[in-house]
Amino acid sequence: MTEPHPLPHLQVRGLNGWYGESHVLHGVDIDVHEGETVTLLGRNGAGKTSTLRAITGLLKKREGVIKLKGRDLIGLPTYQAARAGIAYVPEERGIFAGLSVAENLTLPPKVAEGGMSVAEIYRLFPNLEERRNSQGTKLSGGEQQMLAMARVLRNGARLLLLDEPTEGLAPVIVQRIGEVLRTLKASGMTILLVEQNFRFARKVADRFYVMEHGRVVDHLTAAEVPDRLASLQTQLGV
Amino acid sequence: MSIATSTPLKTANDALGIGHLVGRALIVLALLALIAAPLAVYPVFLIKILCFALFAAAFNLLVGYVGLLSFGHAAFFGGAAYITAHTVKEWGFTPELGILAGVAFAATLGLVMGFLAIRRQGIYFAMVTLALSQMVYFVFLQAPFTHSEDGIQSVPQGLLFGIIDLSKPLPLYYTVLGAFLLGMVLIWRVVNSPFGNILAAIRENEPRAISLGYEVNRYKLAAFVISAALAGLAGAVKAIAFQLASLVDVTWQMSGEVILMTLLGGIGTLLGPVVGAALVTAMEHYFAATSIPAPVLIGGCFVACVMLFRRGIVGEIRHRLKARSSR
Numbered sequence: 713m714t715e716p717h718p719l720p721h722l723q724v725r726g727l728n729g730w731y732g733e734s735h736v737l738h739g740v741d742i743d744v745h746e747g748e749t750v751t752l753l754g755r756n757g758a759g760k761t762s763t764l765r766a767i768t769g770l771l772k773k774r775e776g777v778i779k780l781k782g783r784d785l786i787g788l789p790t791y792q793a794a795r796a797g798i799a800y801v802p803e804e805r806g807i808f809a810g811l812s813v814a815e816n817l818t819l820p821p822k823v824a825e826g827g828m829s830v831a832e833i834y835r836l837f838p839n840l841e842e843r844r845n846s847q848g849t850k851l852s853g854g855e856q857q858m859l860a861m862a863r864v865l866r867n868g869a870r871l872l873l874l875d876e877p878t879e880g881l882a883p884v885i886v887q888r889i890g891e892v893l894r895t896l897k898a899s900g901m902t903i904l905l906v907e908q909n910f911r912f913a914r915k916v917a918d919r920f921y922v923m924e925h926g927r928v929v930d931h932l933t934a935a936e937v938p939d940r941l942a943s944l945q946t947q948l949g950v
Numbered sequence: 015m016s017i018a019t020s021t022p023l024k025t026a027n028d029a030l031g032i033g034h035l036v037g038r039a040l041i042v043l044a045l046l047a048l049i050a051a052p053l054a055v056y057p058v059f060l061i062k063i064l065c066f067a068l069f070a071a072a073f074n075l076l077v078g079y080v081g082l083l084s085f086g087h088a089a090f091f092g093g094a095a096y097i098t099a100h101t102v103k104e105w106g107f108t109p110e111l112g113i114l115a116g117v118a119f120a121a122t123l124g125l126v127m128g129f130l131a132i133r134r135q136g137i138y139f140a141m142v143t144l145a146l147s148q149m150v151y152f153v154f155l156q157a158p159f160t161h162s163e164d165g166i167q168s169v170p171q172g173l174l175f176g177i178i179d180l181s182k183p184l185p186l187y188y189t190v191l192g193a194f195l196l197g198m199v200l201i202w203r204v205v206n207s208p209f210g211n212i213l214a215a216i217r218e219n220e221p222r223a224i225s226l227g228y229e230v231n232r233y234k235l236a237a238f239v240i241s242a243a244l245a246g247l248a249g250a251v252k253a254i255a256f257q258l259a260s261l262v263d264v265t266w267q268m269s270g271e272v273i274l275m276t277l278l279g280g281i282g283t284l285l286g287p288v289v290g291a292a293l294v295t296a297m298e299h300y301f302a303a304t305s306i307p308a309p310v311l312i313g314g315c316f317v318a319c320v321m322l323f324r325r326g327i328v329g330e331i332r333h334r335l336k337a338r339s340s341r
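Protein sequences appear in the order of chains W and V. Just add 712 to wherever you are in the first sequence, counting from 1, and you've got this note's numbering. Just add 14 to wherever you are in the second sequence, counting from 1, and you've got this note's numbering.
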């Protein structure tokens, strides 16, 4: 793991969030440092996805502190948070079915220098090049996931929020996504991952936060995992 | 590693290539047919079809490509007709300047109405546009320059660019055809541009487009203004062609009729609204002199469309051709 930078890439403090009247996040605290891969673990309904949605602003009713490299995001609308440098890949992937793979890739606006070119994307995801003229509806689940990831890598954002990237995918595709995450990490990308697949998360993450009922209840580094495997399995129900 | 593709690429590309060739051939044929049409059909009837076809195509740009169902497009169509008629008749504007004034009015009205309406979605958006267009209707009903129920009649057609005599049927037809083609090319260009891709993204998944970094309201508003301006072009041209601007063109029934035309032809297809407008206008025209009430027949067609081919005429043909090519 890289030495933590004094100012976290993403700092979340006392984050509360609501869906209508339902209070779903209760004072979540998270730090993600530059170049780190951090995973949010937890059972269904623990508040992992809501945390990502609150960070991006898609969960509109929220309170607390969200800072991206020191810049406060809490008052910003979602599109400005994206333009500030947050690349979000939702669980449902959100591929634009009416557009081709190539059109999906050219769609995101550039938010900073250093985004991947289409050629680089095709090197990282060779099958997307084969399918570049295919419509989003014709892609398999794995291809959709890769396109969803590839699309946000184009815009130059350096913080990647990934929600359940392996859900419903074949083991061979999960392995491929793991390789891609390691490549991105090696390139210095900061990653906040939400994952129920603990075996997958264990291979890619530097640190873990465990969530329950909208709260962070535990925090551990990758090195601490072997000693605490039994308690983790109880917490996660795996 | 790469994942096996489910469709052989070569076959798909070949089918796409043939499809494009057939499409281009059909476009050339349609252009030739439009140029030769006045030799076989009464030009004034064709002019009416072209005006409504452009109006429906403008409406379709919003509903078909952005997913915004406006129930107030008559305000732009009829409003532009009034402004063009008034500026040409009372202020002595040339036809081209009168049309330009009508389009500018429709675009400005579109900016105001769009700014207020795009904050709502679905049925609420439709209701806001309906309410605002009814306000526009009452303004035109009460304003002295519109002459209320009489409308603005005997609008002089004049000389377009000082050369083309619009009082003669054929020059008038080709002028309207030019305006129609200009509008269609603009719509085609908008739909097949990066801006059009963003509109498609907004229609398909608005939250995702926002989280990619797009301020979607700005794009919706731009599409609304373009759509309003093109609807205004259709209304302005109609006012010159028929020498009349009346309350009929600004009523909510006109907004309903353009929805009907678009649904019949096929929402989200470039040619669908043109086919729908031609069908509805032809039915109104040919059954006007008979004892069969045209609205009942049009209603019957609409019911058949909803029951049998929900994609509309062109939408259904396109769907079947696509299904055949992917087999």
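Just so you know, not all the hints are guaranteed correct.
Just the calculated beta-carbon pair ranges, DEER-fashion [unchecked claim]: (1) Val42(V) / Ala831(W): 47 to 57 Å; (2) Ala47(V) / Glu825(W): 44 to 54 Å; (3) Met141(V) / His925(W): 36 to 46 Å.
Hints are computed from structural coordinates only; laboratory data are not their basis. All C-beta atoms, glycine included, are put in the ideal place defined by N, C-alpha and C.
- Could you check the structure against the hints above and give me the numbers of any it violates, in ascending order? 1
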